Each structure stands twice: as structure tokens, then as C-alpha cells.
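J.: Okay, here's what each chain looks like letter by letter:
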Amino acid sequence: MTESSSEATKRLNVKRQTLDDAYAAPANFLEIDVINPITHGVAKKRYTDYEVRMRTNLPVFKQKESSVRRRYSDFEWLRNELERDSKIVVPNLPGKALKKQMPFRQDDGIFEEEFVEDRRKGLEVFVNKIAGHPLAQNEKCLHMFLQDVTIDKNYVPGKIRNT
Amino acid sequence: MNFLGFGQSAEIDIQLDGADTRKTAEIRTVDDRKDKLLLYYDGEGVSGKVNITLKKAGQKLEHQGIKVEFIGQIELFYDRGNHHEFVSLVKDLARPGDLTENTTFSFDFAQVEKPYESYTGNNVKLRYFVRVVISRRMSDIVREQDIIVHSLSTYPDVNNSIKMEVGIEDCLHIEFEYNKSKYHLKDTIVGKIYFLLVRIKIKHMELAIIKREMSGSTPSLFQDSETIAKFEIMDGAPVRGESIPIRLFLAGYDLTPTMKDINKKFSVRYFLNLVLVDEEERRYFKQQEIILWRKGEKLRKGQQAQMTNAMQQYTATSVVRVDPVDDVSDGEDS
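Order-wise, the sequence lines are chains A and B.
Number 159 in my numbering belongs to position 159 of the first sequence; there are no gaps in the numbering.
Each number in my numbering corresponds to the 1-based position in the second sequence with 163 added.
Just chain B, with the same shape it has in the complex (with noise of 0.2 Å):
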């Protein structure tokens, strides 16, 4: 199968509507890069038109069927070659026949449900693409071309804040404290760590993000714990009494929403870790689960109106979606 559409005899080629005024969003690639890509949000439909260039002249192009196809997917590292479909739409352009010239088909999925946000982690991949199917009796002529589509949800109603008092008997006692529960990607962590009782010699503290993203199942259970960031917030000995401030800005990390179980495949939880290291380099430490929120953004007039009408298009069919998203009029100046 070529999978870049480059057959011995045809070229296939994607292009999406609106690819100019369509905003665009970035993912991270399996090596390590970032990938640009048209974003795209649950209920809006995807369209575009699809170019088949004959590369011989004259020279007619036999196949078994030509269609197009939207896929939503996860994919485990783990288990190459299975992949998961949550959603799989198709529709046919072309019956059995043969192609004598270049064609140009078009194509329109309405209201596609896309339930889940885009990612690429460390042992799973949750993508969706279009892709475009020659059918020959020997192998098929492929083009996939990727989208990214993003989860918006709202405020909490709830958003209680985190504190805690942990510590070892009669060693260390602290209580620390994180203003919300729940953030947004681009919120800032606020809050303070309170010295209760200190007879250890402390050396420096220092916060950092931790994401764990859990695939599988048993037998083949993956946990893989990444540190995000990591950074100091304090320097020296504290006494009792002491209090410490924290202000950590998530804007300016490659985060993801939480995501849990997610077609019952995968999980991504995201945990900031308290360290306190003392003269003999020991590490006293607190994890502290944090559910990170992807909120909508405030959208240029054109984009606001292509969001609504595809929130209107959708809310009139009948599937209800847990956390609609965010109304970005909030009086200000639009």
C-alpha cells in the first residue's frame, strides 16, 4: 500500500475548505517536531475536494472504486497494526471504472462528532485524518491527510482550592496550599507552601509538572511518567513560620487537557510535585493531582461565526456533548 498517494500511476491530492481562514493549531510528531494543522472543532464539518493527477499522459487509470473516508483513531504503540476506530465515515466518489483524465471530486462531511481531543504521547496516538482510497487489484493508492481537533470545555462550576498538611512526625511539617483544583492551559498556578515544623536541614524546594499517561490493559499496561517542568521556588533553610509563595505559568508548557480513560484506551493525568531536598541530598516529596482544561479562545469575527453556526448545526441533531463549548462573548468588546 503507498500511503503517500504517489502510485505508479496516480497522485492523489487533499485540500481542505478554508485552509486560509481556518486557524491552525500545532502537535507534537512521534520524533520530537511540531506539526501545523488545521484545527478543527466537534460538530463542524469536514469538507474539501479531492485532485487525482495521472502521472502518464494519456494512459488510462483502471480501479476498483474510489472513496473517501474520515477516521478518528487511537493508536498503542505497543499494539502496531491495531488500531482503533471511533469514528469512521465513508462515502464512495468514484464506482469501478477507469480514469482517463485528471479529476477533481468534492466531498462534505456534515456535522462530524469528533468526542475526543487530538494527541500524540509517548505510547499512544489519538488522531483523526481524512483519507482518500484508489482501489486496484494489486495495491491501493492512499493519501491520508491529518487534522487536529481540540476539546474546549468551560469554567468549573466547582473549582475548589488544594490544601494540605503533610509532613513526617516530628521531622517535617508543611502545609501547602494551590488556589484551584482545576486549571486552564494558559491559567497560572498560585499558592504558598506554610512551614509548620522544621528539624531537617533543607536544602532548596522546587515544583514540578509531571504528566502520566496510562494505555492499556492488563496484561500490557504502560504507565509512562514524564516531568513537564521543574523549577525552584526556594533556596536555603526555611524556619518555622515561613511561608513561600508559588506562581507557575502553565502557558509557556507543552500541555494537554486531563484526559481520562478515553474510549476506555487511555488516560493523561497531569500531577504537580512538591520536593523538598535536604543537606544529604534526600528527597521529601508530595504529588498533588491537577485537572487541566483546554478553554475556547476569544476568535476573530469570521471564526466566531463559523464556530456558532457549527454549534447551532450541531446542538440540533441528538447527541448531547458533557462540556459544550465555551461561550467566548463575555461583554467585552468583540
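Bound conformation, chain A alone (with noise of 0.2 Å):
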């Protein structure tokens, strides 16, 4: 009886992992920075855009590194993009603070140093969440949005092939 059960808890045989795979550099590596937000523009006709720097080596990404200016409201069409197409529950934006475009106001109210480092903070979490998930990584909107250096609004929406 004691032989039998021990044939039944003995570890199950694994194969051994090769030197190769055990010291490979990680196959999982996806950074995304948004950094260096530049106010463009004067008086009324401002706006902020941020670096969107991306370095990789998940077969998915076409370049395995880039980097692309773009401005809240893009990512606002990103966002729009993946609710539409994807089947992810697609994280928040940081807030759009419109109260703070109003006019009258004290301060510079959405070019303020602490207002535009908040908001990058935020996108910087936006951006990682979607480009991480195995579902939004498909989407050409993605791709386009991290990777080409405008967005081409007319797009045809769609998923990435596999080549």
C-alpha cells in the first residue's frame, strides 16, 4: 500500500528547462513612458501635447521602438476606438477638466504645472493598462496610436493579422 501511494503523490515529470530559456532576456518587455509635455500655441489657442515613447519586444508591436507626440483629446479617440471595437472594459481617462477651461479664472487653469503633471501621470496608467492587455493589442487603433506619427481619423477599424 505504501508503495502504490507513494507512485501517486511522486512529482509529475517535468521536462528541464533549457539554459537558454531560463536566461533569455524576458519575452514580455512593454514600456510605455508619457513624458515631456510641451504647451504649444499662445494665448487661446493653446494646447499640451505629451511624448508617447514605447519600447518593446512582444512580436505584436511592428516596431520594437517609438516614439510619438500626442494631445488629451487623442487619447480621448483611442479610448473611443477600443470601447467601440474591443471587447475589453477600457480604463478611465484622467478627468477632462472643463471647469478649469472656463474663462476668468485665477490661475492658468489646464497649462498649470501641476495640472498638466497629474494628467500625464494619468496617461501614463491609460496607456500602459490598454497596451498590455492581450485583447486591445489587436487593435489598429492601437498600433496606429503608439506607433505612427499622426492619427489618421479615417482609418479602417480593424484587428491586426498575425504574419
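Just so you know, these hints were derived from the structure itself, not from any lab.
Quick caveat: nothing in here was measured; it's all calculated off a predicted structure.
For glycine and all other residues, C-beta sits at the position ideal for the given N, C-alpha and C.
Any given hint could turn out to be false.
Claimed, not checked - Derived EDC-like pairs (lysine to aspartate or glutamate); straight-line CA-CA distance at most 20 Å:
1) K326/B x E7/A
2) K15/A x E340/B
3) K129/A x D441/B
4) K345/B x E7/A
5) K364/B x D33/A
6) K366/B x D441/B
7) K449/B x E332/B
8) K121/A x E442/B
9) K458/B x E31/A
10) K140/A x D333/B
11) K366/B x D21/A
12) K366/B x E31/A
13) K343/B x E7/A
14) K62/A x D33/A
15) K96/A x E112/A
16) K64/A x D33/A
17) K10/A x E340/B
18) K159/A x E332/B
19) K129/A x E442/B
20) K87/A x E340/B
21) K15/A x E338/B
22) K45/A x E113/A
23) K87/A x E338/B
What the hints assert, rightly or not - Below, a sample of chain A positions facing chain B; criterion: calculated Cβ distance under 10 Å:
24) K10
25) R11
26) D21
27) N28
28) N138
As the list claims (entries may be wrong) - Here are some, though not all, of the chain B residues that point toward chain A, as calculated from beta-carbon distances under 7 Å:
29) L239
30) I331
31) C334
32) V353
33) R362
34) K364
35) H367
36) R403
37) S406
Dock chain to chain to rebuild the complex, using the hints, since each chain is given by itself in its own frame.
T.: Spelled out as C-alpha cells, the structure:
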């Protein structure tokens, strides 16, 4: 009885991990930074945009390194596209701050350093959450957002096909 | 109706035979405590004594008959009052008349069929009990005494391992393996998770035992899921080629055997849920059913005689059971 019970509880046979696999570079490297906020224009026609810099080794992304400039409305566009097309629960963006855009404010509204920094952090969290989601990684809109210099709003929505 | 047997006139006390030698078992009660009751198996007789004590000495108790019943029933909590009896045996103890003094009656239900195991769940309850009823014009005096019934099985003939490759295309591929598909209640789940492809950032991996109780039928179908156990089997990010071992001891958990479609009223099934959690708290999971069965325990000498005796008596009848009681003599010293 004891022999059969030790057979029953013996560890299962495992394949030895090759040293190549053990010490290889991780296959899940994905780093996206939202940095360098720059406010362009003057007076009423100002807007702030941010550098979205991505470094990855995931094969689903065509470019392993990319850097583009995006503004808040571009992030809103991305969120809407994903809400409509992908099956994921899209995380929320940092606030739109409409109150801060009203006239007759004491401070600089949405161009205040503190506000821009908070928004930058929120956008970084947002884009990392999405880009790491397996179901969002297939969406053309995400790839266009991260890697194309300009966003073509007249694109044909769809999924990335595996090459 | 007074279920505690405390009428104004009389008190009923049920004593089951062999209470000092018979094994007891514990079963969960409705308020999550544990009740210790005598343990019976299929085919065993249920016998004992009924003591009726008169409260007011000198005053006689008029009654319309005294009977003792052995009942096996399924109670569905959403359908209170509507109990489904699948075993019902009655024996008359006394014809209508008067009781003038404290009386003791004996009863013996021989070779009682107990096809299902006692079970107390969240929406359904299956119980066996002895009930004594003193019928009277106005209100009956009733007393019930529960017992626990276990259904034993033997080692299954076929018990293949569960081995499967699952994943999300191009993101995560794993191969999981559990050494058996049918486990007894004191068994150990031995397995492994092998990572074929890891392109997401995994934070940890856990294994859970889930009990799913399905009761009732349309329109009122109840599915109750309960996580019995959960523990972490891996902390940190694995890479391709890594194997994570699994060793989960079932004896420490409050488990029942898998019950499929009991009397067409309810089912209790168990699942192993493997969950991987990534850095963004996204959960990737794979649920796999396992069959749990109850193994006969090694008995002490006296009890073994009692069991084999019951089995011999039982197999003499015409009903044939699908899972025979485990033969506990395994060649070692008894």
C-alpha cells in the first residue's frame, strides 16, 4: 500500500528548462512612458501635447521602439475606438477638466504645471493598462496611436492580423 | 406540531442502538456549526428504543396511535414545506388508546436502503432521520433524530490524468497537468504547470477548489458557487520552459463527494480553478472539473464485523448498487 501511495503522490515528470530559456531576455518587455509635456501656441489657442515613448520586444508590435507626440484629444479618440471595437473594459482617462477651461480664472487653468503633471501621470497609467491587455494589442487603432506619427482618423478599424 | 417532542403531556426520547460503539461523523449545519451524529451505511438496519415519559404523573395520555418512521428526504430551501421523500418506512408502535405510564417501545428497520449520502448545502439539504409521532386529535407530539449516511466507493478502474494545453494566442500558453481526474476525499492533488509562452507580465498564480451546487429545475434553477480553498502556487514572473509543481492536500478541507443529479433534484460538483494574475490585476483562469469520491476507512475490528455483516445481509436482497463498499482488508495487518 505504501509503494502505491508514493507512486500516486510522486512529482510529475517535468521537462528540464534549457539554459537558453532560463537566461533569455524576457519575452514580455513592454515599457511605455508619457513624458515631456509641451504647450504649443499662445493665449486662447494653446494646447499641450506629450511624448509617448514605447520600448518593447513583443512581436505583436511592428516597431520595437517608437516615439510620437499625442495630445489629450488623441487619447480620447483611442479610448472611444477601443470602447466600440474591442471587448475589453477600457480604463478611464484622467479628467477632462472642463471647469478649468472656463474664462476668468485666477490661475492658468489647464496649463498649470501641477495639472499637466497629474494629467501626464494619469495618461501614462491609462496607456500602459491598455497596451498590456492581450485583447487590445490586436487593435489597429492602438498600433496607430503608439507608432504612427499622425493618427489617421479616417482609417478602417480592425484587428491586426498575425504575420 | 411540536417537533422537540415536548408536548404538554408527554416527552419522546429516541435512543439508537449501538450508540457507544458506532462511529460518528460530522456534518455542517445550516448556521455553519458542526453536528456530530451516528454514522450509518447503505444496507444497515436502523434500530433503537423510543422512551415516552408522561409529564403529569397519574394523568393518562389519550392518543390516536403511535408510530415510528425512517425517512430519507431532500429539502430544497427555496421550496420550503415541499420535501421530497425518497425513503419512507413506517412501523406502528401502538394502536389508538391511552398511555397510563412511562413506556418504552423498540423498533428495528432492517436492511434500510440509503442510496444517497447526507448533505447540507447552501440551497439544498439531504437528510435521514427517525421520527416518532404520537397522533392526537388537536396536535401531534413529534420527535426527530437525525443520522448521517455516507456513500462509499472503491478505487475507480479508470483514473486518467488531466493534461491540457491552454492559453491566449501569442500572449500566454501553458500546459497544465493533474495526476488524476478522480480523487478521494483524503487524496493529494499532484500536478504541474508548464509555461510554453509568456508574453504578459505575470504577478502570481493561484489554485482554488470551487464547489458548485446546482439545485432545482426551471424556472427556479439555483447555482451556488463556493470557493472552498485557495492558495498561491507561484509568486513572481515565470519565463518560457519553467515548470511550477502543485501539491494540494484535500484532507484539510471540508469536502463532500461529487454528487450527480441526486434523485433528479440537485448536483454537487467540484472544480479546480487555476488563476494567473498579471501586473494590472487582470485574471486569466482555467477551470477543470474533478470527481471526488469517499473512500472506506480502515475500521476497527468490531466495526469491520458490523460492516461486513450488513453487506452480507444486504447483498442477499435484490437491489444491486453501482459502487460497492470498499473492501478494507488490503493485506496488511488488520
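J.: Check each numbered hint against the structure and report the violated ones by number, ascending.
T.: 9, 20, 23, 29 and 35
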